[in-house]
Amino acid sequence: MRRRFATDRLFLGETSLAAPGGVGAIMRSGSVVPVTADVAARRRDLCLLYGRAGTSMVILSLLWSTMEALVAIAAVTALVWGAVLAVRGGLVAGSLVVLVAAAVFGYPFFHLQAGPVPLTADRVLWVLVLVQYVLWRRLGLADPKPLGGAEVAMGLFVGVLAASTFSHDWRIDGGQPAAWLGLFYVMPAGVYWVVRQAQLSERAVMGTFALLASLALYLAVTAVAEVRQLWWLVHPAYVRSAEYAEFFGRGRGPLLNPIGCGFFQGVGLCAGLMWWPRCRRAGKLGLAAFGLLICVGTFATLTRSVWMGTGLALVLLGALTIPRAWRLPVLAIVCVAAALTVATQWEHIMAFRRDRGLSARETASSVTLRPILARVAWNMFRDRPLFGCGFGQYRRASIDYLADRSTPLPLGKAKPFRQHNVFLSLVTETGVIGCGLFVAALLFWARDAWRLWQNRDAPSWARQYGLFFLGVLAVYLPNAMFHEVSIIPAFNLLFFLTAGMTSGLWMSVRPALRRAGSAEAGSLMRRTRHATA
Numbered sequence: 001m002r003r004r005f006a007t008d009r010l011f012l013g014e015t016s017l018a019a020p021g022g023v024g025a026i027m028r029s030g031s032v033v034p035v036t037a038d039v040a041a042r043r044r045d046l047c048l049l050y051g052r053a054g055t056s057m058v059i060l061s062l063l064w065s066t067m068e069a070l071v072a073i074a075a076v077t078a079l080v081w082g083a084v085l086a087v088r089g090g091l092v093a094g095s096l097v098v099l100v101a102a103a104v105f106g107y108p109f110f111h112l113q114a115g116p117v118p119l120t121a122d123r124v125l126w127v128l129v130l131v132q133y134v135l136w137r138r139l140g141l142a143d144p145k146p147l148g149g150a151e152v153a154m155g156l157f158v159g160v161l162a163a164s165t166f167s168h169d170w171r172i173d174g175g176q177p178a179a180w181l182g183l184f185y186v187m188p189a190g191v192y193w194v195v196r197q198a199q200l201s202e203r204a205v206m207g208t209f210a211l212l213a214s215l216a217l218y219l220a221v222t223a224v225a226e227v228r229q230l231w232w233l234v235h236p237a238y239v240r241s242a243e244y245a246e247f248f249g250r251g252r253g254p255l256l257n258p259i260g261c262g263f264f265q266g267v268g269l270c271a272g273l274m275w276w277p278r279c280r281r282a283g284k285l286g287l288a289a290f291g292l293l294i295c296v297g298t299f300a301t302l303t304r305s306v307w308m309g310t311g312l313a314l315v316l317l318g319a320l321t322i323p324r325a326w327r328l329p330v331l332a333i334v335c336v337a338a339a340l341t342v343a344t345q346w347e348h349i350m351a352f353r354r355d356r357g358l359s360a361r362e363t364a365s366s367v368t369l370r371p372i373l374a375r376v377a378w379n380m381f382r383d384r385p386l387f388g389c390g391f392g393q394y395r396r397a398s399i400d401y402l403a404d405r406s407t408p409l410p411l412g413k414a415k416p417f418r419q420h421n422v423f424l425s426l427v428t429e430t431g432v433i434g435c436g437l438f439v440a441a442l443l444f445w446a447r448d449a450w451r452l453w454q455n456r457d458a459p460s461w462a463r464q465y466g467l468f469f470l471g472v473l474a475v476y477l478p479n480a481m482f483h484e485v486s487i488i489p490a491f492n493l494l495f496f497l498t499a500g501m502t503s504g505l506w507m508s509v510r511p512a513l514r515r516a517g518s519a520e521a522g523s524l525m526r527r528t529r530h531a532t533a
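Just so we're aligned, residue 1 is where the sequence shown starts under this note's numbering, counting upward by one.
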């Protein structure tokens, strides 16, 4: 008699393969019988079934691993070509490479523990860009510009942040205050200075618009894919990983934050629209489709401040560019439509399910948290109005104010949270001095952008950049009013980069405009004298 092996026995039951329950019912019954002709036929069916399933799984795993390999290769290639672009494209290109590395290939993608602050691609590239700036200055390839009001305010602001950090216990939480100072303010300030001192040409400006629009397009597709669970479209892989559960179910993108993802999309939308005057009919249709996709992507973030910022930017750009005869009717229609939307959809806007682990009631409670945080900030400001409690010290210092019973607001609910407002965060940690300097820098940047846009004698591409940065401010302010956006990775990096180019462009254009104005005034005076004579 032939020796039987374990494979010659099959778990069978009274239910056949064709019966309801099929294989699952057979496997659950658990009786073991010898192999017969009927059993062998069933075994062949099972082998075919499992073979096909296994083949499908192998094919899917191969496709998946191939996709991951392609993404890794693309990332390495992008970094290599980014380095080449940084050298050949100048300081602006180098700074844009740092921005893309911070937004897409940041800490979750790759990091190397080297001391208290891990090494990441964007941090290494930032150091290289600073070295590049020094070399460009020595070789005469940069465009040094005199200091303006924005630079004075910005320098004093960073100095106040540093003094506030190191005059308090900056070693708490593993040195988090010092790390935040370096990552969220010093790095962006360094990029601000580099792009401001770069040679800002039409090519550099239009290239910046193209890159920001392309980045926004990628983020929009990723955000929609996350919400619709089209995971094969979501890359890098860590974006879809369960390891990063916060905000899961919303359009987070590689920033792992819907506010940051929405801000990048809003800025990219403004950048893409700057190509409108240069496009013909087909190009304008493409830009319209691009704008629609970005709007869908910002909606996929499921973040109200992102919606407000993007909508405000579109209204502002439209108000400044459409003919005056159309301006008032169009704005009136937009305002009426917005009012009707708010009136009819208010409850849904205030309470809807966003995160996968968050109910609609919890979403609504996030709205009621803002007054509580504002009251805590007010109480802290009254005690330390000038210098605040120290940069990065809010969580520790706020504990003393949560037991206040002089207000009906349940202040204890604010314990796990930071301030949800950039300006309240700064005024509590750095006082009126720090917050005032930051607001002053914002006003200087807005003034420079407005001057660029309003000056008819400036080159069209420089005027467009002024208009673009006004749109950036429109996207930034609603998000800054409802979130502490400065601690979102790459958020300040993008904002300060665009601000630095605004200041640098105005400083580049202003002398030529003054010379042109002086020449025109002299010519007018000569004509007047000649006519009088």
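No lab work stands behind these hints, which were simulated from the structure alone. Predicted model, so just to flag it, every value in this text is computed and none were measured. A few of these clues could be false.
[Said to hold, decoys possible] Here are the in silico distance ranges between beta carbons for each label pair:
(1) Trp-231 <-> Ala-403: 39 to 49 Å
(2) Ile-333 <-> Trp-276: 33 to 43 Å
(3) Arg-456 <-> Ala-242: 24 to 34 Å
(4) Ile-333 <-> Gly-286: 24 to 34 Å
(5) Gln-229 <-> Asp-400: 41 to 51 Å
(6) Leu-320 <-> Pro-511: 38 to 48 Å
(7) Tyr-244 <-> Val-127: 43 to 53 Å
(8) Val-152 <-> Trp-276: 50 to 60 Å
(9) Leu-320 <-> Thr-407: 57 to 67 Å
Glycine included, C-beta positions come from ideal geometry on N, C-alpha and C.
Against the structure, the hints:
Our hint of 39 to 49 Å for Trp-231 and Ala-403 holds, since their Cβ atoms are close to 46 Å apart. Between Ile-333 and Trp-276 the beta carbon distance is about 20 Å. The supplied range of 33 to 43 Å is therefore violated. For Arg-456 and Ala-242, the hinted distance range of 24 to 34 Å is not satisfied, since their beta carbons lie about 55 Å from each other. One distance hint, 24 to 34 Å for the beta-carbon pair Ile-333 and Gly-286, holds here, with the actual separation near 25 Å.
Between Gln-229 and Asp-400 the Cβ separation comes to about 44 Å, which falls inside the hinted range of 41 to 51 Å. The given range of 38 to 48 Å is broken by Leu-320 and Pro-511, whose C-beta atoms sit roughly 25 Å from each other. Checked against the given bound of 43 to 53 Å, the beta carbons of Tyr-244 and Val-127, roughly 27 Å apart, lie outside it. As the Cβ distance of Val-152 to Trp-276 is approximately 35 Å, the hint placing it in 50 to 60 Å is violated.
Remark: the range hint 57 to 67 Å for Leu-320 to Thr-407 is contradicted by a beta-carbon distance near 42 Å.
When held up to the earlier numbered hints, the structure conflicts with 2, 3, 6, 7, 8 and 9 and fits the remainder.
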